[in-house]
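Protein chains: 2
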Amino acid sequence: MESSEKPQALEYILILSGEEILAGRNQDRHLQYISSSLTPLGLLCRRCEVIGDKKIYLTKYIRNALTEVKLVIVTGGLGPTVDDVSREAIAEATGIVLKEHSTALAMLEERFRSFGRKMTENNLCQALVPVSGTFFPNPNGTAPGLVYDKGKKIVIALPGPPRELIPMVKTNLIPFLQGRLKLKRPASSRSFHFCCIGESNVDQIVREKLGGETDLTVSLLAQLGLVNLTLSLPDDNQESQERLSRYADTIRGELGTFLYSETDETLEQTVGELLKQRLDTLSVAESCTGGLLGEKITSVPGASIYFLGGVISYSNRAKETHLKVNTETLRIHGAVSRETACEMARGIQSTFQSRWGVAITGIAGPEGGTPEKPVGTVWIAVSDPNGKAFPFRIQFPGDRDAIRHRSCIFALDQLRRLLLKIDPHSTS
Amino acid sequence: MESSEKPQALEYILILSGEEILAGRNQDRHLQYISSSLTPLGLLCRRCEVIGDKKIYLTKYIRNALTEVKLVIVTGGLGPTVDDVSREAIAEATGIVLKEHSTALAMLEERFRSFGRKMTENNLCQALVPVSGTFFPNPNGTAPGLVYDKGKKIVIALPGPPRELIPMVKTNLIPFLQGRLKLKRPASSRSFHFCCIGESNVDQIVREKLGGETDLTVSLLAQLGLVNLTLSLPDDNQESQERLSRYADTIRGELGTFLYSETDETLEQTVGELLKQRLDTLSVAESCTGGLLGEKITSVPGASIYFLGGVISYSNRAKETHLKVNTETLRIHGAVSRETACEMARGIQSTFQSRWGVAITGIAGPEGGTPEKPVGTVWIAVSDPNGKAFPFRIQFPGDRDAIRHRSCIFALDQLRRLLLKIDPHSTS
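So the sequences go chain by chain: A and B. Oh and the first sequence: position 318 is 318 in the numbering used here, straight run, nothing missing. Oh and the second sequence: position 402 is 402 in the numbering used here, straight run, nothing missing.
Zero decoy hints are in this set.
Remember, identical chains collapse to one label, so a pair may be satisfied in a single copy or spanning two.
Below are the DSBU-like pairs computed for lysine-lysine, each with C-alpha atoms no more than 35 Å apart in a straight line:
1) K54 to K152
2) K373 to K118
3) K209 to K421
4) K209 to K99
Keep in mind that the hints were calculated from the coordinates and are not lab data.
Modelling step: build the complete structure from the supplied sequences, incorporating the hints.
The following block contains the structure:
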């Protein structure tokens, strides 16, 4: 296994110019947008630098970047004010001068005309384009995108506002790069999404089974009960595809029960698709998660086809009244118990007349723990269309928020397992 | 008003290590969080670099950064897998070796024990700490934060997952930096938290009313229906305190109805406190938000004192059965209407026997919009202890997620206004 850098892929450096982002006043979204748009073309972001709008620094960083890579992309700093230094900084760094362009000027004038505003003189700089290169028209703003083309090295400047940048990336940047850099589709890769298993367990299996494949790139990402694994090979040819298929078989063989998706589907989407295929419906009864499970399920557009709703039973009374949990059950076993979880699951199923019922009851903390039921103790139960409940107890680490999120992941996974008729979770 | 850069300020460089962020698979939020947390201490981010998980590059960038500034902060790459190279890269760059620490090891073992998982050997690296420096315990994960202290230069490594990083910044990083760098609480400052008002409206008022105060630093941060304003003066003395008190009076006078907190209380906490003080109780009826409002309310520990629960009525049937919404109301006015919102609010109030009832019904999209009720149309109603409902319609911009979040903010704010007996939102 090697790290994810591939020598064949073209790399670029992204420079985000903006005091607002650097000072934490604005959230950057350009890195994710640009990187995820260019990665599929075989263009990998080697590094992203967020810097302020001082021209001297910007010029220096662009020069440095050009010693490392063939392509540098700069966002922001193309407006008409003194803070907008990118146009000049790139000209200095590349030695390519700027010249007023008649088409660019006509577009700028037309834009001001259409808004019924008078164009002040400081705006004229936005009609300047590199003498060697080209420019991207900006139908959503005043500053065009600029391409400074030195032959072996290219610097591209894009406007900062997202509503100008995003259409320009799609309409201009991608087609330009495909033509100019003669891009073909690069590496082949496969993604695997697991739930209810630790990152280190996945890592260990991958090392044991695929550790000998020297040109295989492995990347792992863990997040609250979910683990994403990506396997990549340098070339996109039939041999790579066949090898990845074999690896996928290995992964499925070893970790199949934890694998909920091989596309970019979320666990909520996977479960939703399974319900949709079966024309099944679902309702939920939530205690400690307080609505989070419903929120996750309904984050999927169109969830109303299979999701009927739920009850947030944050009090014992609500469990009795709305979920028909027996007063005696609560008295004898407590709100966080196998018995209560099962009655909640069956209760919501019957009151919503849904095919499936899911229930979560637990102690999310920081208060409310006892020696027998410490903070993080959660009972989850799923009631199937026959009214048979599948409960399990689990002890989660972490804070209130982590316990609540993990509870929802495990509840969704229990439903997924039952829908797929694979071994459900159970209390050992 | 001056910009937030102060010549006295210390600068640091932030290095985010993560292929996932660089490849655009994950959205970075660390830059904004760390930068906005450290700026008030007088620590300014000079540059932020996002790089992959190749040790050789990371080492190089840390070395470069240390030639420019005294403090370098690295996030990510502290886990147990082969991708996690920060620990070693910083050791190489600083020349400070790592050694197993008995306390760190004990914490690590305890964490695995509490999770009921066996600790695999690859995890042991997470008990290594710099021989010169210290470490920050991580109650929310396995990897502690690491401080490599060379005397004149310091490199600090923080874990990548936000739920581990954020508490560590608050609990450990800030106090550590204050002590180690002898930061005098640089300035005196006041924070104001607004909801249901635009950032530019707050900005405008502050400029109009306080624009003449030359040594006043103003920082604004906006996020989905919420705006945070911080006013800072350079010195922490009585005069500054008195001036800030006057400014606070001005802000309250101009924007009082939108101001929900002058501490770091969230809107959910503010509303929870108001309910607690009045010994009032609450239940919620959610349609398009699918549980998100309940989730927000119950994210506050101890919410069970005032929050009885709710119904997620994701289908018309659920609105009729569980919230007693009239079939005729739904037929004539539709599920997204003033009438349905009011009946939902009264319905949940009566079925849960709570003092207050809150209801949200709307079109979160992307499907389901009509010319009269486009995506983003939301009706919110709060029913007061007399059963009087206060409905309003609002049209939100943004995607499904933004619409759902903003709906909850406005619903909570309506309740806050009614509890405080200030003008409720209404449809004009």
